[in-house]
Amino acid sequence: MSRYLLDKFLYTVDRDPELVERYREDPAGTVAWWEAEMANRILNCTADERSTWLAFTEDERRALRQHDHVTLFQMGAHPFLTLTLFIAMFERDHGPLEYQKAYGQAMAHLSLPYPDIST
Amino acid sequence: MAELAAVIASTHHPFYHRASTATGADRPPFADEWVAKIERFRETLTRAEPDVLVMVGSDHFHQLWLDNMPQFLVGKAPFFDANFYNEEREFGLPRMTLRGEEDLAAHLLRDGLDRDFDLAFSNELRIDHSITCPIITLRPQADLPIVPVYTNIFAPPLPQPRRFVALGKAIREMVESWESDKRVAVIGTGHLSLELGGPRQFGEHGPDPEFDRRAVEWIASGDVEGCLAEVSLDSLHAPGNATHGFMDFMLMMGVAGEGAKADHVDTLDLFHTMEAYFTWYPNGVPGEAASA
Numbered sequence: 146m147s148r149y150l151l152d153k154f155l156y157t158v159d160r161d162p163e164l165v166e167r168y169r170e171d172p173a174g175t176v177a178w179w180e181a182e183m184a185n186r187i188l189n190c191t192a193d194e195r196s197t198w199l200a201f202t203e204d205e206r207r208a209l210r211q212h213d214h215v216t217l218f219q220m221g222a223h224p225f226l227t228l229t230l231f232i233a234m235f236e237r238d239h240g241p242l243e244y245q246k247a248y249g250q251a252m253a254h255l256s257l258p259y260p261d262i263s264t
Numbered sequence: 003m004a005e006l007a008a009v010i011a012s013t014h015h016p017f018y019h020r021a022s023t024a025t026g027a028d029r030p031p032f033a034d035e036w037v038a039k040i041e042r043f044r045e046t047l048t049r050a051e052p053d054v055l056v057m058v059g060s061d062h063f064h065q066l067w068l069d070n071m072p073q074f075l076v077g078k079a080p081f082f083d084a085n086f087y088n089e090e091r092e093f094g095l096p097r098m099t100l101r102g103e104e105d106l107a108a109h110l111l112r113d114g115l116d117r118d119f120d121l122a123f124s125n126e127l128r129i130d131h132s133i134t135c136p137i138i139t140l141r142p143q144a145d146l147p148i149v150p151v152y153t154n155i156f157a158p159p160l161p162q163p164r165r166f167v168a169l170g171k172a173i174r175e176m177v178e179s180w181e182s183d184k185r186v187a188v189i190g191t192g193h194l195s196l197e198l199g200g201p202r203q204f205g206e207h208g209p210d211p212e213f214d215r216r217a218v219e220w221i222a223s224g225d226v227e228g229c230l231a232e233v234s235l236d237s238l239h240a241p242g243n244a245t246h247g248f249m250d251f252m253l254m255m256g257v258a259g260e261g262a263k264a265d266h267v268d269t270l271d272l273f274h275t276m277e278a279y280f281t282w283y284p285n286g287v288p289g290e291a292a293s294a
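Chains V and Y, in that order, give the protein sequences.
Following the working numbering, the numbering of the first sequence begins with 146 at its first residue and continues without gaps.
Following the working numbering, the numbering of the second sequence begins with 3 at its first residue and continues without gaps.
Be aware that a few hints might be false.
What the hints assert, rightly or not - Pulled a few chain V residues facing chain Y out of the computed Cβ check, cut under 8 Å:
1) Y156
2) L188
3) T191
4) F218
5) G221
6) K246
For the record, the hints were derived by calculation from the structure and aren't laboratory data.
Every residue gets a Cβ at the ideal spot worked out from N, C-alpha and C, and that includes glycine.
Full structure from sequences and hints, please.
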């Protein structure tokens, strides 16, 4: 399991307006493309200086493909990254604060201690 | 030597800008009270007549990322561009450019390293809402040069709370030993109890009003030791999963000093989180003659 790679996905998509839309409209295609092209890109290096070892587990791929923020939380993905990106994708479909409240409500069954988010 | 004109600790609420500028049906019912409290808070900085602002905040995964994460970082640059696309998107925050005070930044880095704080630095730092929110609330004309100081309250493993307090104490001593005739305000922002992306987010109040009450008491009374005795990296998970931002308040308690009662204390109970505002005048309240 790679919390770091989950976070890297959320981070790199969230900061790019085109990727936010692409992930909203085509989550499976975006996750597959991102893992193939972006997962091993070192963000502060040139494109040729890539890592060689980063990959999702099937459970992680599935959670990302399914926009499953509850499972991402349970996997220890950074909650700020998940929340920020999911608000960007889905707040527009709801009334004021409706999405944020429903997002929390979907996790009402979870209690402390929360999953470890350290990477 | 430079004079520490004011020490200010605040929450940084990214919704303030939008709430305070909204009109008509878009204006939330709490906006007028919030603006009134902010304007009183702003006056506490204005009357200190600062020349330079040291701004303590925390990057929210904007420029600083997990492949290269500093614990404490000082920005040393002639300018700092500010706010990011996702802060415009979610909070409606404006793009800004602030001037930097490189001489003070260089002094904090050299003196800080010599005091065993292994400070990282950045010569090209785009700052985010942890620093621009207090600019918007406290100095909206954004006319003063700044030295940003970033802390890691966000990406564990985190430094211990006592380390935040110690850095705050050191920042005060370093500001007061800066060879300059400038008046410096140190402004830091953090959080009280806060939950982001978890089941307790966006409630009627902050996730833990009792923690908030105690936290305000610790800060307002300068009870650094009492706070340190109660707060640990583990304990901060209980009030809300983003409550480690409280350690930036602890840093500011270190700047203000043990036992230093705040000269201005105000709070505002909002949905999702409580706002809290504190100002200390280390050399007396401006305009009130100390010799009277």
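Hints and how they fare:
Here the hint on V/Y156 is kept, as its CB sits about 6 Å from the closest CB of chain Y, short of 8 Å. Look at V/L188: its Cβ gets to within about 6 Å of chain Y, closer than 8 Å, so that hint holds up. Taking 8 Å as the C-beta contact cut-off toward chain Y, the hint placing V/T191 at the interface is violated, the least distance being around 14 Å. For V/F218, the suggested interface contact is upheld, since its CB lies about 7 Å from the closest CB of chain Y, less than 8 Å.
Taking 8 Å as the C-beta contact cut-off toward chain Y, the hint placing V/G221 at the interface is violated, the least distance being around 10 Å. About 5 Å separates the beta-carbon of V/K246 from the nearest beta-carbon of chain Y, less than 8 Å, and the hint is met.
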